[in-house]
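Undergrad: Take a look at the letters that make up each chain.
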Amino acid sequence: MLQTWRELLQYRFLLKQLIILNLKVRYKNSVLGFLWTFLNPLFMMLVFTVLFTIMLPQASVPNFPLFVLVALLPWQFFSNSVMMSTSSVVGNAHLIKKVYFPREVLPLSTVLSNLVNFALALVVLFGMMVVLRGPFTIWILLLPLIIAVQLIFTLGCAFFLSTATVFYRDVPMIMDVLMLAWFFLTPIFYPISILPQSRELLGVVLNVQRLAYILNPMASLIASYRVILYDGSPPAWDFLLRTTVTAIGFLILGYLFFRRFRRSMAEEV
Amino acid sequence: MSAAVSFDDVSKRFVLRHERAYTVLESVIGLVKPTRRSTEEFWALREVSFEIVAGETFGIIGPNGAGKSTVLKLMARILEPTSGEVTVRGRISPLLELGAGFHPELTGRENVYLNAALFGVSQAEAQDRYDQIVEFSELRDFIDAPLKHYSSGMYMRLGFAVAANIIPDVLLVDEFLAVGDEAFQKKCLSKIEEFRREGRTIVFVSHSLRTVEDLCSRALWLDHGRVEAIGPTADVVERYLESVGTGA
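If you're matching them up, the sequences are chains W and G in order. This note's numbering numbers the first residue of the first sequence as 147 and each following residue consecutively. This note's numbering numbers the first residue of the second sequence as 988 and each following residue consecutively.
For reference, chain G alone in the conformation it holds in the complex:
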């Protein structure tokens, strides 16, 4: 079986500059009068290695600040690793924020095309998928109205509809979709279920251990940017609960 996503000894360092020169003047002053450089290094991930096999549903769990979002951003190629190598095969659908790149002045229709383009879809494919996207979003009556008149729920629905219907090879799902009403959430879940049956790779990040156990065959437990455990979901969740349990 081939790996859809592989992390090979990946580390990610963020440099937090408390006094960053944002203007030319500040830089010039900095040359003459060197202020104490208050830079702080922060390692979000350290020597993380794992592989996600094509076709599996893979969960990532861990407490806040464990590096889960950084892992997703590295997969989505938004961030570059400081060292190590991230490899992703196929098209990845970033669900980091639904509706990223929507423009309020444009209509729903125009935004569907813009958003699809942002995911690297060709014009022909976007046109092919258009009806399916609108159907899924249940927003056909509003599709020619500017997005600024949409409610936030409608906005998110359109966002998920685009992301879920461009048929990615690897689907990233961050946290749970607090999208729309219960009926729409069910629809999202069944879409994810459909992806699973089609044998697409899904990476799922959540605080809800139950959802992870329900959906994922294998899971990764991250803590402080390091891999604590990786393996069958039941085992990983059990060990995670034990560690949390000892503290309580």
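Next comes chain W alone, as it looks inside the complex:
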């Protein structure tokens, strides 16, 4: 483990180069190029705002554009990282077969390049918070902590999925559907409070609201972002703590899975 760490340190220039490559290739040949980092979330915010304040006004929430934007940005960070990480090893087969380097840099660079994108998109968020009169409170200082927890969770998923794709090429297709479902199951464009507290399903009474929170690490992460950036109040500490533990667990398991197979990757991709 220590040796892997030292090696990653030695290859940090490669990590940096791959992050830059990811960012460059994403916007290569597009007219607006880098501006898309800012434009994409704004358009998404617009779409959801039109949908939920004009077309379906009964579900409306005060200051809906900000409500949805604070959740959408972290979600896009997660979802783009996960989708791109599935092919991060397989897509670089030509490198793996020709040159030795610590394979960890592949999923790492994918997630970190999305983190850079997310950090830039936060500029848009703060701009919109000024425009839409969002709350600037002391709790904003917790933002790096929540991002760190999300990063840990995302890395765990990325290590697992990039390895799984080496052995099963339909992982990206499965994740496509799964991420859509996950998007709807996470309170992004609706407040978690609209979920029923007791719902009978096949004779069992379920507290859907609590289940959505407990079973979905992204739900409590998104809720934490929303509480500090939209409500301007402290996050639910017990949930944040539990999610941190879950995230670290995911990273350990995901990385162990990656480690178990990384040696044979050159032969399998």
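Rather than coming from a laboratory, the hints here were simulated on the basis of the structure. Don't take each hint at face value.
[As the list claims (entries may be wrong)] List time: in silico PhoX-like cross-link candidates among lysine-lysine, alpha-carbon distance up to 20 Å:
#	chain 1	residue 1	chain 2	residue 2
1	W	Lys174	G	Lys1135
2	W	Lys162	W	Lys174
3	G	Lys1135	W	Lys170
[What the hints assert, rightly or not] So the derived list for chain G, only partly shown, Cβ under 8 Å to chain W, looks like this:
#	residue
4	Leu1066
5	Pro1068
6	Ser1070
7	Gly1071
8	Gly1107
9	Val1108
[Said to hold, decoys possible] Here's a subset of chain W near chain G, in silico, CB distances under 10 Å, partners left out:
#	residue
10	Gln156
11	Tyr157
12	Arg158
13	Ile166
14	Leu167
15	Lys170
16	Asn238
17	His240
18	Leu241
19	Lys244
20	Ile320
21	Glu413
Since we're looking at a predicted model, the values are computed, not measured. Backbone N, C-alpha and C define an ideal beta-carbon position, used for all residues, glycine too.
Take the given structure of chain W and dock chain G to it, following the hints.
TA: Relative to the frame of chain W, chain G by itself:
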């Protein structure tokens, strides 16, 4: 003298799966309806042991399929041995394929940095070497053009320029560099000569026995994944020629 590369009882097995499940569905079907598993084992190397002393130029010869490339890939750590142990001291420059990892959309300059990074070089060192690399490649006029506009010869030249100028401790040279024109080939050879004088370790794989005899002090003869002979190049080449000669 210390060993730069050592193979200790190394074997490498490849499993050739003719019907490998690539999708989840295929795996599930495989559970219900077990097809005849047509896996085949192939031992590319068997109990190979040898040492390359730091500073020597070492040749590997043998017919096609003898395991020469597998030896190089094990040295470069691209493959892991099935059993035994491979130890390499110092930085190894993989010449397995020049320009591996070049990205067509990036410029020559960007690719030089990316490629250097791929070899495990630090940012400071890459910047130090940059001018030398460009000078060696003779591509200064094209260095800011995207690589997709390069000819294949230019591509290879840039690849060799990076590989040869990051100053590896162990240089791997696979086959001969059909790189560029004669002038550039001479340049490559003189670079290898320079490495030799500097006392770096060179591992050289070739079908050209003459080049091996010219360059290498010691050689290894592989056949069917086993060591046939190892020793001073002249002796090994002579024995190899004898064995080939008897067949002809």
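Undergrad: Run every hint past the structure and note whether it holds.
TA: How the hints compare with the structure:
About 14 Å separates the Cα atoms of Lys174 of chain W and Lys1135 of chain G, which keeps this hinted pair within 20 Å; it holds. Taking the CA atoms of Lys162 of chain W and Lys174 of chain W, the gap is about 18 Å. The hint holds against a cut of 20 Å. Restraint check for Lys1135 of chain G and Lys170 of chain W: the C-alpha separation of about 16 Å stays at or below 20 Å, so the hint holds. At about 6 Å, the closest approach between the beta carbon of Leu1066 of chain G and any beta carbon in chain W falls short of 8 Å, and the interface hint on this residue holds.
Contact between Pro1068 of chain G and chain W, as hinted, is not supported at the beta carbon level, the nearest pair being about 10 Å apart and thus beyond 8 Å. Because the closest C-beta pair between Ser1070 of chain G and chain W is about 14 Å apart, greater than 8 Å, the hint is violated. For Gly1071 of chain G, the suggested interface contact is broken, since its CB lies about 15 Å from the closest CB of chain W, more than 8 Å. With its C-beta approaching chain W no nearer than about 6 Å, Gly1107 of chain G sits inside the 8 Å limit, and its interface hint holds.
Proximity of Val1108 of chain G to chain W holds as hinted, the smallest CB-CB distance being about 7 Å (cut-off 8 Å). A distance limit of 10 Å between C-beta atoms decides the matter here; for Gln156 of chain W the minimum to chain G is near 6 Å, and the interface restraint holds. For Tyr157 of chain W, the interface hint holds, since its Cβ comes within 10 Å of a Cβ in chain G; the closest pair sits about 6 Å apart. Taken as an interface hint, Arg158 of chain W checks out: its beta carbon lies about 8 Å from the nearest beta carbon of chain G, inside 10 Å.
For Ile166 of chain W, the suggested interface contact is upheld, since its CB lies about 8 Å from the closest CB of chain G, less than 10 Å. At a threshold of 10 Å, the smallest CB-CB gap from Leu167 of chain W to chain G is about 7 Å, leaving the interface hint in force. Nearest Cβ of chain G to the Cβ of Lys170 of chain W: about 7 Å, under the 10 Å cut. The hint holds. The restraint placing Asn238 of chain W at the interface with chain G holds, with a minimum CB-CB distance near 9 Å, inside the 10 Å limit.
Proximity of His240 of chain W to chain G holds as hinted, the smallest CB-CB distance being about 7 Å (cut-off 10 Å). Proximity of Leu241 of chain W to chain G holds as hinted, the smallest CB-CB distance being about 5 Å (cut-off 10 Å). Checking Lys244 of chain W against chain G: minimum C-beta separation of about 4 Å stays under 10 Å; hint holds. About 7 Å separates the beta-carbon of Ile320 of chain W from the nearest beta-carbon of chain G, less than 10 Å, and the hint is met.
Below 10 Å, beta-carbon pairs count as interface contacts, and Glu413 of chain W has one with chain G at about 7 Å; its hint therefore holds.
Checked against the numbered hints listed earlier, the structure breaks hints 5, 6, 7; every other hint is satisfied.
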